[in-house]
Amino acid sequence: MSSVPVAQTTVESVEKPDRLGEWSGKSIPRKEDGRHLKGQALFTDDKWQHRMGYAHFVRSPHAHARIVSVDTSRAEALEGVFGTLTGDEVKDLSEPFFQIAPPPGGNLKEWCLAVGKVRYQGDAVAVVLAESREIARDAAELVEVEYEPLPAIVDGIAAADPDAPLLHDEVGSNIVWHGVYDYGDIDWALENADHVVKIDRLHFHRFSSTPLECNAAVVNWEQGTGVIEIFSNNQMPMFASLVIGPALGVPSNKIQFQSQDIGGAFGIKIGSYPQITALALLSKKLGRPAKWTEYRTDHMLSAGHGNERTFVDIQVPVMADGTILGVKVRAFDDAGAYLHYEPLGAVIWSQVVPGCYKIKHVQVDFTETVSNKCPTIPNRGYSRMQHLWLIERIVDVVATELGFDPVELRKHNYIQPEDYPYETPNACVYDSGDLPKALDLALGAVDYPAWLKRQEELGTGSGKRIGIGIGTTLDSGTNNFGQARIINPELPFSGNGEAAYAKLDLYGEVNLNLGTTPQGQGHETTAAQVVADILGMSPDDVNVTAGFDQRHNTYVAFSGTYASQFAVTGLGAAMGAAEKLRAEILKVAAYALEADEADLDLGGGQVFVRGDRERAIPFIGIANLVYSNNAVLSPELAGSVSLNCRHVYVPPFQVPDHEAKTGNLTLTYASQTHVCVLEIDEETGHVEILDYAVADDCGRVINPMIVDGQVHGATALGIGAALFETFEYDDEGQLMQSSFYDYHAITALDAPHIKTEHVQTPSPFTPNGAKGMGEGGGAPLHAVCAAIQNALDDGAPVVSESHNSWERIYRLINHEPNAPRGVEVVTR
Amino acid sequence: MLLESVEYTRPRNLDEALRALASREGAAVLAGGQSLVNVLKNRVASVDLLVDVSRLDELRRIEVGADGGLEIGACVTYDELERSDDIRGAQPMLASAAGHIEDRQIRNRGTIGGNCCLSDPSNNLPPLLIALGATMNVQGPGGGRQVPAEDFFFGYFMPALEPGEILRSISIPPLADDAGVGYQALSVGHDSKAIVRAAAHVRGGDTIEDARVVLAVVGPRPVRHSAMEDLLNGAPASAETVERASEAIGDGDGLEPISDAHGSADYRRRVARVLARRAVYEAMMRGARS
Ligand SMILES: Cc1cc2nc3c(=O)[nH]c(=O)nc-3n(C[C@H](O)[C@H](O)[C@H](O)COP(=O)(O)OP(=O)(O)OC[C@H]3O[C@@H](n4cnc5c(N)ncnc54)[C@H](O)[C@@H]3O)c2cc1C
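Protein sequences, first through last, are from chains A and B. Residue numbers for the first sequence follow this note's numbering, so the first one is 1445 and each next one is one higher. Residue numbers for the second sequence follow this note's numbering, so the first one is 44 and each next one is one higher.
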């Protein structure tokens, strides 16, 4: 072997006093649930402000067109309309959004409303503010826009063609990013492998987690103070601030984001910053708060779709014993019309280069293009899911083509429990895991041998086929923002972090606030659990501020809720703040009890002398001494404690090497292993899931019920994506699924009973042993595709699409006898 | 999305409703509103007066004759159909079909009349009503008339109603002792839009005496497949007969389905035969059991 990867990364294991245990690890009911179940939550649409107007966006019906003119006079004349804002005004009043991509992709200019051209169906050209939603909608219809249609390009690969219709003149082509990731020695592997499996094309489709609540915001550019108040459900407000501030020419201390309850986000709600920017300008122009609640069709047309990726020319060197040496592939990501958070997707996949396997040689030639479709935005499993689907498809295709058992082939290639911490070819460090055990548990939960028997018994002539599929996946969490430099070396980003602020309140209860913007993940509950353990009190006495308020909550620039990290960064911050508070409490207690700090312990909301619970002071006593009785304390003590403690958790990262494209890109690697057993009706392609199991490993579990809920959600969304949910455009760039009539979002009626199993391999790198797990890694897509393939006959084509409608399955089953299979094996 | 402003009236009886409907060109009947209101929100129809008939007693009754024949008021909801002992007794498949329309909210409001008058080729009830040999009782300014269900669904969103007419009720003849009903639908998810539907009514003992086979979502209106019916009638009631008869549908030549987000026209044509065969077989088995 010519080059053996050498260890490049070291991550310090965390030494910590382990105080978690009494409350952490228990399924205590969620603090949030009461208000949600009783309709007492505060969502953005519940927010009302004096003199507020309602906004409605005017959207392009064309995929690509020059804007000849926009006439708002009839809209403005309608009674009840406060005013309008158009692209031309926006061009005068604001700057284009900053771009993550380096030039030429970074030359792309996007304002908060379309300027000069529209580039996808749903692109916003103007916005209207009126005294009611109804009038705003009516007025929007009165805005007359004259378009000169242009040819549209909807295929992400064809978009790279120099002759393709050009979206952004200033970029010069539709290619916005290109780079080659080259690890190990793929040429050596291809030359020396016993077999090379070649797959023509695999396509990962567009879909969305379609949060129950669409985007919404109430934006008030206060004339008196110059402060822009934004009450919204944006899930990454600090990123939004970093983008909005320069666009509006406002300092960040004049931008104040707030949110409380958010009805799901899944990454999609990172993408509402253009609309928020437009609302700010509208508010300033008209001197009123502007409220916007997005309609479902607007959401589907324009709020953002998950990344669509096409893999071509896939080559997989495999040894006779089944060892998969490497992967060589060209990948095309289709970002849609503008770059929202993109082209970060072009690097984020590399958190999981070898998937769950000891694959050493990987070359990915990665191109990102723009096309006349809705911009993509991170969607649960962002960018890694696409790559993991590729790897899982490869493993199954290798098994099918070379005659390996898919279970044995996986176990043979898996990273083994003793290999952790495991360094990947690009110097990421997988923290912990036990993949073979997880697979055994999941297979056991569905009674795999029994299904194999059923499958055999069924035979031909029954009209039914049973397929069994495995999806092993990783949910890499707590990312190192330094990976952005692999996209653009000029970007001043690296590391990650989250902040928390804990204080003892007047009667000895605890108040905690966080920099996060939860959307149903139960942060109030799990944060209270860890804080309660550290301070020896009940979670009931820990009030965690609901939602985020930039005026009061503490935060860092990474703050928000995204990318599977709360259990590490958010709880890491909460634990750090609680430890600091604990230290102050002990200091005051030692003084009050005239005892040595080392002899004291906390429990039941008191500090007591170990071995003598009678010698104790309750937290109310501590609070009293510091807040309202401080003349009793020594001046040194009074001057050194505040019982108000802030902590910023900083994960141990270094700056990645952007030239080699290596470095530790994420701190934790949760895993999910899914097994799907399904039955296909040969005559219609209809699928019924007969059995489904998930073995999940997110290290130490803080609240098992919440973890199970996340597993259920990720499973349902993944199954929905695999079988029902897709965003497709016709050749003219018209979206074919712009409402729930045409986009069948999975419901409880479609979801199978999900059997859950747990493996707990604590992360040595995190403050609590937990690993972020909310995104889930898209495992159902892998498992469902594998199960469909498993149900097909040997001559059938490769399952090359991540979305398989009944019709597509019907066609795979009823394929032409000599249909091209899309796969070839070259054996030496 | 939001409605344009529109006037609304709730007449006290059918005559008043007919008069209100005649009073303006832009008047429309409002029943459960589960389709009409969405159409209005999407602003694809211009209506300026909604005549709400959903609470008219005359349209809300279910009457069962001594022979088991039914007369169902146009504004009986899906939920009422599903729960009614009369319907469950006389036409169990109708109760079950109504109980499977979309979700609970829609079943609480949507009506059998609205489901028919929308004349959406993908709706659940039209093909079944044709298979059951139903008759639509229509009331107009000049009096009443009867339209066989088969002729009622004229085309995409076009029921055989003249301007100013209201569907009053639907009559369904009794189910013979030796008859059975089958109903099959292929849809994307459990409760989503159908790709293809097939309904069948089969009467006879060892020999099939009368078969009605209806296909839907394969063209602008649900259609009876007379070629398949001809092959069934007079043939022995067996799986082989059904299989052979379904070949009359073949690959669906002659059907005129559309391609949409849920399936291509070609796919719809191909599965039509499968669903028709299954529906007929189901009808035959149910008939034999009773
Ligand atoms: C999300 C969603 C999904 C749906 N999915 C399905 C489905 O899968 N299958 C299905 O069958 N249906 C489905 N529907 C439609 C639903 O069944 C409607 O209830 C039905 O189509 C119309 O019935 P309605 O009583 O609500 O009528 P309305 O919406 O009030 O009226 C529908 C039309 O019929 C006319 N009309 C109504 N009653 C009369 C009458 N007595 N005389 C003359 N004209 C009349 C109205 O003027 C209007 O043109 C769905 C609806 C929604 C909202």
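For the record, the hints were derived by calculation from the structure and aren't laboratory data. Hints are not guaranteed to be accurate.
Using 25 Å as the maximum straight-line C-alpha spacing, the simulated SDA-like pairs for lysine to any residue come out as follows [unchecked claim]:
#, chain 1, residue 1, chain 2, residue 2
1, B, Lys84, A, Arg1577
2, B, Lys84, A, Tyr1739
3, B, Lys84, A, Lys1728
4, A, Lys1553, A, Lys1728
5, B, Lys84, A, Asp2186
6, B, Lys84, A, Phe1487
From the derived model, a few chain B residues whose C-beta atoms are all more than 10 Å from chain A [unchecked claim]:
#, residue
7, Glu47
8, Ser48
9, Asp58
10, Asp110
11, Gly111
12, Pro135
13, Gly187
14, Phe200
15, Met201
16, Leu204
17, Gly232
18, His233
19, Ser235
20, Val314
21, Leu318
22, Arg329
Only some residues are given here: those of chain A computed to face chain B with a beta carbon under 7 Å [what the hints assert, rightly or not]:
#, residue
23, Glu1578
24, Arg1581
25, Asp1884
26, Glu2126
27, Thr2128
28, Phe2168
29, Leu2193
30, Asp2194
31, Arg2252
Every residue, glycine too, gets a C-beta built ideally from N, C-alpha and C.
Satisfaction of the Glu2126 (chain A) interface hint, Cβ to chain B closer than 7 Å:
Since chain B brings no Cβ nearer than about 10 Å to Glu2126 (chain A), farther than 7 Å, the hint is violated.
Chain A versus Gly187 (chain B) - minimum CB to CB distance exceeding 10 Å, so not interface:
holds (35 Å)
Checking the smallest CB distance to chain A, is Gly232 (chain B) really beyond 10 Å?
violated (4 Å)
Proposed interface contact between Thr2128 (chain A) and chain B, which counts if any beta carbon pair is under 7 Å:
holds (5 Å)
If we take the beta carbon of Val314 (chain B), is the closest beta carbon in chain A still more than 10 Å away?
Given that some Cβ of chain A is not farther than 10 Å from that of Val314 (chain B), nearest at about 5 Å, it is violated.
Is the nearest CB of chain A more than 10 Å from the CB of Asp110 (chain B)?
holds (37 Å)
25 Å limit on alpha-carbon distance, applied to hinted pair Lys84 (chain B) and Asp2186 (chain A)
holds (17 Å)
Evaluation of the interface hint that places Leu2193 (chain A) against chain B, nearest CB under 7 Å:
holds (4 Å)
Per-residue hint verdict: Asp1884 (chain A), partner chain B, C-beta under 7 Å:
Hint on Asp1884 (chain A): violated, closest Cβ of chain B at ~32 Å, above 7 Å.
Does the no-contact call for Leu318 (chain B) survive, Cβ to all of chain A over 10 Å?
It is violated; Leu318 (chain B) is separated from chain A by about 8 Å at its closest Cβ, not greater than 10 Å.
Interface-negative label, Ser48 (chain B) against chain A, beta-carbon threshold 10 Å
Answer for Ser48 (chain B): violated, closest chain A Cβ roughly 7 Å.
For Pro135 (chain B), is the shortest beta carbon distance to chain A beyond 10 Å?
holds (22 Å)
Of the hints listed earlier, those the structure fails to meet are numbers 3, 7, 8, 17, 18, 19, 20, 21, 25, 26 and 31, in rising order.
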